[in-house]
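A.B. asks: Go ahead and model the full structure; you've got the sequences and the hints to work with.
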Amino acid sequence: MEEKTKEVKDCGCRGGSFYTSISEKETIVQEDLEQRIKRLSQKNSRFPCSIIPEDKAYYKEGDIKNFRPEEKLGEPGKYPFTRGVYETMYRGRLWTMRMFSGFGTAEQTNQRFKFLLEHGQTGLSIAFDMPTLMGYDSDHPRSKGEVGKEGVAICTLNNMRTLFKDIPLNKVSTSMTINPTAFILLAFYIAVAEEQGVPLEKLRGTIQNDILKEYIAQKEFIFPPEPSIKLIIDTVEFCAKHIPKWHPISISGYHIREAGSTAVQELAFTLMDGFTYVKYAIERGLDVDEFAPQLSFFFNSHMNFFEEIAKFRAARRIWARWMKEKFGAKKPESCRLKFHTQTAGCSLTAQQPENNIVRTAIEALAAVLGGTQSLHTNSMDEALALPAEKAAKIALRTQQIIAYETDVPDVIDPLAGSYFIEYLTNKMEKEAEEIFKKIEEMGGMVEAIKKGWPQKEISRSAYEFQKDVEDKKYLVVGINEFAEDEKIEIPILKILPEIEEKQVREVKEFKEERDDIVAKNKLEELRKAAEKNENLMPYTISAVKAHCTLGEIVEELKKVYGTWQEPPNLY
Amino acid sequence: MKKDKIRVLVAKVGLDGHDRGAKVIASAFRDAGFEVIYSGLHQTPEAVVRTAIQEDVDVIGISILSGAHMTIFPEILKLLKEKGVEDIVITGGGIIPEDDAEKLCQMGIGKLFGPGTPLNEIIEYIKEEVKRRRKKAD
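One line per chain: the protein sequences are A and B, in this order.
Quick note on this note's numbering: the first sequence kicks off at 1 and runs consecutively.
Quick note on this note's numbering: the second sequence kicks off at 1 and runs consecutively.
These are calculated hints, taken from the structure and not from any lab test.
Errors might be hidden in some of the hints.
[Claimed, not checked] The calculated DSSO-like cross-link candidates involving lysine-lysine, where the alpha carbons are at most 27 Å apart (straight line), are:
(1) Lys-494/A x Lys-78/B
(2) Lys-72/A x Lys-331/A
(3) Lys-131/B x Lys-467/A
(4) Lys-127/B x Lys-472/A
(5) Lys-83/B x Lys-144/A
(6) Lys-103/B x Lys-144/A
(7) Lys-473/A x Lys-127/B
(8) Lys-5/B x Lys-467/A
(9) Lys-144/A x Lys-78/B
(10) Lys-111/B x Lys-467/A
(11) Lys-487/A x Lys-111/B
(12) Lys-467/A x Lys-127/B
(13) Lys-83/B x Lys-135/B
(14) Lys-81/B x Lys-144/A
(15) Lys-111/B x Lys-494/A
(16) Lys-111/B x Lys-472/A
(17) Lys-5/B x Lys-456/A
(18) Lys-487/A x Lys-103/B
(19) Lys-494/A x Lys-103/B
(20) Lys-103/B x Lys-502/A
(21) Lys-111/B x Lys-144/A
(22) Lys-502/A x Lys-78/B
[Unchecked claim] Covered stretches of chain B, going by a simulated chain A footprint (3 or more residues, C-beta under 8 Å):
(23) 17-29
(24) 69-80
[As the list claims (entries may be wrong)] Interface residues of chain A toward chain B, partial, derived using beta-carbon atoms under 7 Å:
(25) Met-130
(26) Gly-145
(27) Glu-146
(28) Lys-149
(29) Glu-150
(30) Ala-259
(31) Gly-260
(32) Ala-350
(33) Ala-383
(34) Ala-462
(35) Tyr-463
(36) Gln-466
(37) Ile-492
(38) Glu-566
(39) Pro-568
The structure displayed is predicted, hence computed values, not measured ones.
All residues carry an ideal CB built from backbone N, CA and C; glycine is no exception.
C.D. replies: Following this line, the structure appears as structure tokens:
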């Protein structure tokens with residue numbers, strides 16, 4: 001029988017972590033197969049710098065010595081929130097299925113939003129194009145070729161009106177992936193809400209507004225660190241007073257991980273960024289309990305399933321302890337780390353793209369078992385282009401299958417008490433604390449960033465990972481193992497050049513049609529307020545209402561704050 | 001002029017800040033014995049061309065993940081031609097659909113590499129291409 005099928009099942013495994021099935025043709029040479037089995041069984045099923053020791057096949061009581069569940073875990077919804085931030089978790093309400101989308105013009109994205117809402121999506125999430133992210137209007141020379149490409153172009157109040165046409169802002173929660181220009185996009189959103197007659201206290205949503213991780217990883221910045229942080233604290237203060245259901249910062253590890261960090265680096269850098277914002281907000285004179293409940297987080301979920309679950313649990317425990325012990329938070333809500341998760345874009349392959357559906361499902365499952373509050377699942381085609389409609393739908397369906405067809409959401413933190421999971425959670429916490437110490441010795445995160453330290457640590461991890469892939473120490477299905485010669489046949493979304501032309505024309509018309517004197521006055525008021533170090537939110541709102549554009553506001557503030565350039569170093 | 005080492009300018013052009021690939025590639029080139037100049041972020045085509053000429057590089061490697069490749073590559077090519085430079089290999093990588101890559105190739109851009117390409121494949125391509133061009137120049 002063996003002779004006939006030539007099929008070998010479960011051929012490679014270490015601690016049960018890697019199973020495979022290889023179907024080979026009749027011509028298979030037995031030695032080749034044996035070599036292959038040997039190599040696969042030696043494979044480290046881990047990312048480089050993974051904290052899982054290689055020599056341990058199973059975990060037992062001794063690995064979590066002195067483990068006191070009442071102290072380390074607590075109950076769900078109770079300090080230190082290791083088991084989850086809510087008492088009922090998904091039994092009360094499922095996570096928000098929030099698919100990131102945005103491309104081309106505001107009209108097109110508005111259509112996609114309506115499509116996703118009709119298919120059961122429960123929250124909107126906007127991707128902006130590079131010019132919007134970097135503070136250039138669509139008609140600026142530096143925007144050439146980039147308008148509407150990586151996301152939607154929104155540089156005028158009109159663009160924002162179109163984006164939310166027929167979508168009542170009191171009915172949706174909106175997440176905006178926007179950083180150095182976040183305060184301007186928030187101002188656009190507020191202005192549209194007022195036009196729709198929706199009071200500010202009814203608005204629900206998030207602006208990413210996390211500049212520290214931009215310097216560290218994603219590299220979208222305009223101003224130097226100090227004024228950038230000032231603008232963020234302006235939004236924190238404004239939201240604490242006027243938009244109580246808004247999350248003014250989504251402190252993000254996602255991009256840090258995508259840039260190549262390990263799970264521990266993602267955890268440590270992100271939390272340290274969070275502590276930095278808290279410190280600056282307290283220095284502004286805000287009471288920690290006044291703004292901390294509005295902070296939220298955003299993590300990556302990668303392929304090391306258990307390590308990811310442990311990361312989410314450790315994040316909650318560390319945050320709770322720091323908020324209570326170091327920042328004197330009294331409200332339990334201030335100690336609750338609520339987070340959004342996106343599956344790992346960098347784990348997707350351009351080769352055999354359908355396999356990405358499976359990768360994403362595994363990563364999504366880790367996020368749910370880790371207690372995420374909302375989730376974006378990547379589409380299978382994202383290593384090739386922006387997601388096409390069908391691919392985006394399958395990604396949403398993946399979440400719905402976990403939510404409705406499995407028993408995973410029925411029990412809170414079902415892995416608690418597992419020797420392995422608790423060991424990993426402890427280890428994550430300990431290693432993150434070591435990184436915190438290093439950063440504090442450098443004088444805090446802002447100083448560390450100026451020295452380029454987290455940037456270099458990430459570059460090093462990224463290069464080491466790539467070398468491990470090249471050396472086949474780390475296997476990626478379809479890349480360095482089980483590769484095929486193939487013609488990739490999935491529909492790809494392309495952005496036509498006419499979209500840029502149309503948007504540029506509309507921006508020019510928008511500027512021509514407004515009262516220029518009023519607009520210029522508003523810009524001047526904004527600049528003067530910046531010089532006097534006032535909170536700029538009210539001035540920005542008033543400027544966008546007078547039809548000042550995103551680019552004009554940024555250029556005006558550059559006069560006061562200057563710009564930031566990263567020294568181009570490797571590691 | 002006789003040069004031994006291959007000189008490569010690795011550049012991030014446009015507004016896109018995704019520099020993981022560019023840095024990994026630059027590190028790999030360095031370890032392969034190339035002399036590497038890394039431009040840093042947010043460069044304009046003009047700045048890239050200026051640096052390439054000043055540094056007398058054999059190769060310009062552009063990393064683009066923003067979708068602006070059909071604007072940026074032709075612009076660099078045009079500026080180089082205006083300066084009378086035709087012996088520099090222009091290559092690159094990122095999220096670039098195959099048919100776009102073909103179009104760019106017809107314009108005179110070298111090979112473009114997508115996600116999942118082994119580092120060695122890129123290094124070998126550059127060695128071959130530079131060897132071929134240097135021979136032609138001799």
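A.B. asks: State for each hint whether it applies.
C.D. replies: For each hint, the structure was consulted:
Straight-line distance between C-alpha atoms of Lys-494/A and Lys-78/B comes to about 24 Å, which keeps the hinted pair within the 27 Å bound. The hinted pair formed by Lys-72/A and Lys-331/A meets the criterion: a straight-line CA distance of about 19 Å does not exceed 27 Å. Under the criterion of a C-alpha separation no larger than 27 Å, the hint pairing Lys-131/B with Lys-467/A is consistent with the structure, at around 26 Å. Only pairs whose Cα atoms come within 27 Å are accepted, and Lys-127/B paired with Lys-472/A is accepted, the gap being roughly 23 Å.
With a C-alpha separation of about 22 Å, the suggested pair Lys-83/B and Lys-144/A falls inside the 27 Å cut-off, and the hint holds. Among the hinted pairs, Lys-103/B with Lys-144/A is consistent with the structure: their alpha-carbon atoms are about 19 Å apart, no more than 27 Å. The straight-line distance between the Cα atoms of Lys-473/A and Lys-127/B is roughly 26 Å, inside the 27 Å bound, and the hint therefore holds. Of the pairs offered as hints, the one joining Lys-5/B and Lys-467/A holds, with about 23 Å between alpha carbons and a cut-off of 27 Å not exceeded.
A hinted pair counts as satisfied when its Cα atoms are at most 27 Å apart, and Lys-144/A with Lys-78/B qualifies at roughly 16 Å. Restraint check: the Cα-Cα separation between Lys-111/B and Lys-467/A comes to about 22 Å, which is no more than 27 Å; the hinted pair holds. With a C-alpha separation of about 18 Å, the suggested pair Lys-487/A and Lys-111/B falls inside the 27 Å cut-off, and the hint holds. Pair hint Lys-467/A plus Lys-127/B holds up; C-alpha atoms about 20 Å apart against a cutoff of 27 Å.
With a CA separation close to 22 Å, the supplied pair Lys-83/B and Lys-135/B stays within the 27 Å bound. Taken as a hint, the Lys-81/B and Lys-144/A pair is honoured in the structure, with Cα atoms around 21 Å apart against an allowance of 27 Å. A C-alpha spacing of about 21 Å is found between Lys-111/B and Lys-494/A, which places the hinted pair at or below 27 Å, so the restraint holds. Restraint check for Lys-111/B and Lys-472/A: satisfied, since their Cα atoms lie roughly 25 Å apart, inside the 27 Å limit.
Of the pairs offered as hints, the one joining Lys-5/B and Lys-456/A holds, with about 26 Å between alpha carbons and a cut-off of 27 Å not exceeded. Restraint check: the Cα-Cα separation between Lys-487/A and Lys-103/B comes to about 18 Å, which is no more than 27 Å; the hinted pair holds. Restraint check: the Cα-Cα separation between Lys-494/A and Lys-103/B comes to about 15 Å, which is no more than 27 Å; the hinted pair holds. Simply put, Lys-103/B and Lys-502/A have alpha-carbon atoms about 24 Å apart, close enough for the 27 Å limit, and the pair holds.
Among the hinted pairs, Lys-111/B with Lys-144/A is consistent with the structure: their alpha-carbon atoms are about 24 Å apart, no more than 27 Å. Taken as a hint, the Lys-502/A and Lys-78/B pair is honoured in the structure, with Cα atoms around 25 Å apart against an allowance of 27 Å. Check on the segment 17-29 of chain B: 9 of its residues sit with their Cβ under 8 Å from a Cβ of chain A, so the three-residue criterion for coverage holds. For the segment 69-80 of chain B, the proposed coverage by chain A is satisfied: 3 residues have a C-beta within less than 8 Å of a C-beta in that chain, meeting the threshold of three.
For Met-130/A, the suggested interface contact is upheld, since its CB lies about 4 Å from the closest CB of chain B, less than 7 Å. Using the Cβ-Cβ criterion of 7 Å, the hint placing Gly-145/A at the interface with chain B is satisfied: the shortest such distance is roughly 3 Å. Given hint, Glu-146/A at the interface with chain B, holds; its Cβ is 5 Å from that chain's nearest Cβ, closer than 7 Å. Among the interface hints, the one on Lys-149/A holds; its C-beta lies about 3 Å from the nearest C-beta in chain B, closer than the 7 Å criterion.
A cut of 7 Å between beta carbons decides the hint on Glu-150/A: the least distance to chain B is about 5 Å, and the hint holds. A least Cβ separation of about 5 Å between Ala-259/A and chain B falls short of the 7 Å threshold, and the interface hint therefore holds. Taking 7 Å as the C-beta contact cut-off toward chain B, the hint placing Gly-260/A at the interface holds, the least distance being around 5 Å. For Ala-350/A, the suggested interface contact is upheld, since its CB lies about 4 Å from the closest CB of chain B, less than 7 Å.
Look at Ala-383/A: its Cβ gets to within about 5 Å of chain B, closer than 7 Å, so that hint holds up. A distance limit of 7 Å between C-beta atoms decides the matter here; for Ala-462/A the minimum to chain B is near 5 Å, and the interface restraint holds. This hint holds: Tyr-463/A has a C-beta 5 Å from the nearest C-beta of chain B, less than the 7 Å allowed. Interface restraint check for Gln-466/A: the shortest CB-CB distance to chain B comes to about 5 Å, inside 7 Å, so the restraint holds.
Taking 7 Å as the C-beta cut-off, the interface hint given for Ile-492/A holds, the closest approach to chain B being about 6 Å. For Glu-566/A, the interface hint holds, since its Cβ comes within 7 Å of a Cβ in chain B; the closest pair sits about 6 Å apart. For Pro-568/A, the interface hint holds, since its Cβ comes within 7 Å of a Cβ in chain B; the closest pair sits about 3 Å apart.
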